[in-house]
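Spelled out from the first residue to the last, the chains are:
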Amino acid sequence: MSSAPPILSLRDVRYRYPGATQDALAGVSLAAGPGEFHAVLGPNGSGKTTLVRLVLGALVPAAGRADIAGRSAHLWPRQDLARVVGVVPQREDNLFPQRVRETVLLGRYPHLSLWGRERPEDHSAVERALAACDAVQLADRWVWTLSGGEYQRVRVARALAQEPRLLVLDEPGVSLDLRHEMALFELVRGLVDRAGLGVLMITHQLNLAARYADTVLLLADGRPAAAGAPGDVLTRETVERVFSWPVTMQLLDGRPQMVPLRQPKEPLA
Amino acid sequence: MRWVALGVAAGLALVASVVLGPAAVPLGELTRSDIVWSLRVPRAVLAFLVGGSLGVAGASLQALVRNPLADPFLLGLSGGAGLGAVVALAIHLSGPWALPLAAFAGALGALALVYRMGLVGGAALDPRILLLAGVAVGAFAAAITTAIVSLADAAELRNAFLWLWGGLSAASWDTVLVLVLYAPLPLAVLFAAARPLDLLALGEEPARYLGADVERVKRRVYLAASLLTAAAVAVSGVIGFVGLVVPHIARLAWGHRHRALLPAAFIGGGALLAIADTLARTVVAPRELPVGVVTALIGVPVFALLLRRWTIA
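Chains as they are written, first to last, in the working numbering: chain A, 1 to 269; chain B, 1 to 313.
None of these hints come from the bench; they were simulated from the model.
Please read these numbers as outputs of a predicted model, since none were measured by experiment.
One or more of the hints may lead you astray.
Partner residues aside, some chain A positions facing chain B, computed with beta carbon under 10 Å [said to hold, decoys possible]:
#1 P110
#2 R117
#3 L251
The beta carbon of each residue, even a glycine, is placed where N, CA and C say it ideally should be.
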């Protein structure tokens, strides 16, 4: 049992937005190493996005530590951090029309000097990233002509072009259809298994997280409701309590799968 | 190829602005003529520098405020500069540098106000707040300007009015020298921000995660573009549309990567203003049109075509 040093380490972090009356996040710990897939689940407003921002050094924890490779995330120069952590943010928009290869090339910027041109290794990193995401045939398309699923693959490719050790995805499956959502989870799992990438994924997809992730962290009101292997965390009691909805749990390939129940009809008053 | 075409266009623009003019100078005497050396050449060089500065400032600000309709004057600088110039005219400040210095001071005042408003409530130069602050400060300065102009006598009024539409008739080797010494620093800051500006097109958060120090880039680009514009407006008045249209034309040929786009916008802006100024001083010779009128008459139809292209695409 080798214990690889964690790329990401959250220890008992707490954060409160200026002017807020309660903590957005408190008492959360998480460690992610290479070849590990960690999913973060929780209802809307449970602190998932705050957690991502702490991990990426965009927010400074009020207490506890958020470290990337042993150094406080917010103390990293952004360019250095972008060589270690690649991000697929929830939202972005292209102000000007761009081709797929151009947008993936933006992932090489953390590796370029102020005035230097792209080197051959930058272009080969772009091609490798496109290939890893099955997006080579999209390379010359305009970004705005892509479908939602293709666009997500391209965005993952851009993050891979950064050649990071940790990949952070913030709700990457939103608005994807079944095939593309499954393909995305397969892609991410493959990167973890084959390339030894560490992954932190924020998602609403309880069942897919249970099947693909190594650990899940379930957040409720900014507190960890449960954390650990999917089978230990996603019990009926915990899920019902956190999401305030009756569910039943089943097993598929040894992983828990949640089925939400219909609400019993109340007679009209 | 694109660069060659642009270089040739710029060369032709400069040659035309030296050869053509209200006074007929025989070609054989071009190199010996006083009119050419002390009037036309500095004026052509100044037009090129001002146009280039406006082109680069416009391209940078469009990426910074994430709005393709941004113009170097959008953030209130024209209002502030206009107010400074009109005050200088109204209180009869004399000397060759009174007007440019007053306009520069006015532009800096507007810049400081807009910058300060852009930091309100920890907004950290939120583009939306900057745009609103720019419009508000510009409108306020324009109101005061109009009040002063409405109380002025006819000759002053005409001078102020002409200044507000831009002109390069005050060009001299001195003004060229001032700009040559002044412009390289803000230009270098903007060129150095080329890569982060590419990233900002995706939005601030994605840009940050791709390695851009977003807060620092926004601050630097905003200040450098504004200082460049303030100098341009001080020596030439308010010349619209160069900073709006040139970056868009340059994007058609060079794409959106600022490493190529910014130099192209500089040369293109310089060429366009040199041509516009040549037209301004020749079409109604011996009188002169404000060069801002010419850039608007050229710029608006071009802009309309660009809008058409966008809506079709």
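Checklist entry - Going by Cβ atoms only, is P110 of chain A closer than 10 Å to chain B? => result With a closest approach of 4 Å, the P110 of chain A hint holds.
Checklist entry - Are R117 of chain A and chain B close enough, Cβ to Cβ, to be under 10 Å, as the hint says? => result At 8 Å from the nearest chain B Cβ, R117 of chain A passes the 10 Å test, so the hint holds.
Item to check | L251 of chain A as chain B interface residue, shortest Cβ-Cβ below 10 Å | outcome: Nearest chain B Cβ about 37 Å off; hint violated.
When each numbered hint is compared with the structure, a violation occurs for hint 3 only.
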